[in-house]
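Quick note, the sequences are listed as chains D and E, same order. Residue numbers in the first sequence follow this note's numbering, run continuously in steps of one, and reach 114 at the last position. Residue numbers in the second sequence follow this note's numbering, run continuously in steps of one, and reach 109 at the last position.
No lab work stands behind these hints: they were computed from the structure. Each statement offered as a hint is correct.
The calculated lysine to aspartate or glutamate pairs, modelled on DMTMM-like cross-linking and capped at a C-alpha distance of 25 Å, are:
#	chain 1	residue 1	chain 2	residue 2
1	D	57	E	92
2	E	52	E	92
3	E	3	E	55
4	D	102	E	58
5	D	102	E	67
6	D	102	E	92
7	D	102	E	55
8	D	102	E	82
9	E	3	E	92
10	E	69	D	101
11	D	57	E	31
12	D	102	E	31
13	E	52	D	101
14	D	102	E	66
15	E	3	D	101
Computed from a predicted structure; not experimentally measured.
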Amino acid sequence: KAGVTQTPRYLIKTRGQQVTLSCSPISGHRSVSWYQQTPGQGLQFLFEYFSETQRNKGNFPGRFSGRQFSNSRSEMNVSTLELGDSALYLCASSARHATNEKLFFGSGTQLSVL
Amino acid sequence: DAKTTQPPSMDCAEGRAANLPCNHSTISGNEYVYWYRQIHSQGPQYIIHGLKNNETNEMASLIITEDRKSSTLILPHATLRDTAVYYCIALEYGNKLVFGAGTILRVKS
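This is chain D alone, in the form it adopts within the complex (with noise of 0.2 Å):
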């Protein structure tokens, strides 16, 4: 079975721009989270995608907006970059939202912002 795939594996953009991350779960998983990872501030949770509508949501700034469709993927999209901005963003996935859960992390999508 194949594990949770995220694209592309690294991206460079400048001050300013926009980016889409996308993340494809594991077959049969229906819930999707966002994570960033910097080396200051370490693994932060964005957001919870389930079924299509958004179940959770970490405290980050409205540029951070996700999506999921209904075959499951998910897309994340950061607006308006900031130096700041640049970190790993890794994608997970798990059957269910719901306690008793585990969750399986992509490799990530490195950004880097200049």
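Given chain D's structure and the hints, the job is docking chain E onto it.
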């Protein structure tokens, strides 16, 4: 979600058991204890989780104290590939993880 406390780093000899402690003294009755690890440049990997009882799977064992205020992750025979950052997380919903700084485990030959 309850706050967890872990030692910043630990060393373990290859082939020996690695015992990683975690304190979660404010954990509530509905919160599970999860362990994930992250090997450099990769996404976190699920290891194990439990609520009250001790748990074991092919990767590790999880020992939770009777009062649930602390737990220990045991890697029975650590290898060099187990060198990673280990995160202990206490939460009710498994979909929204709150990561702390974790414990850097260094397995040495």
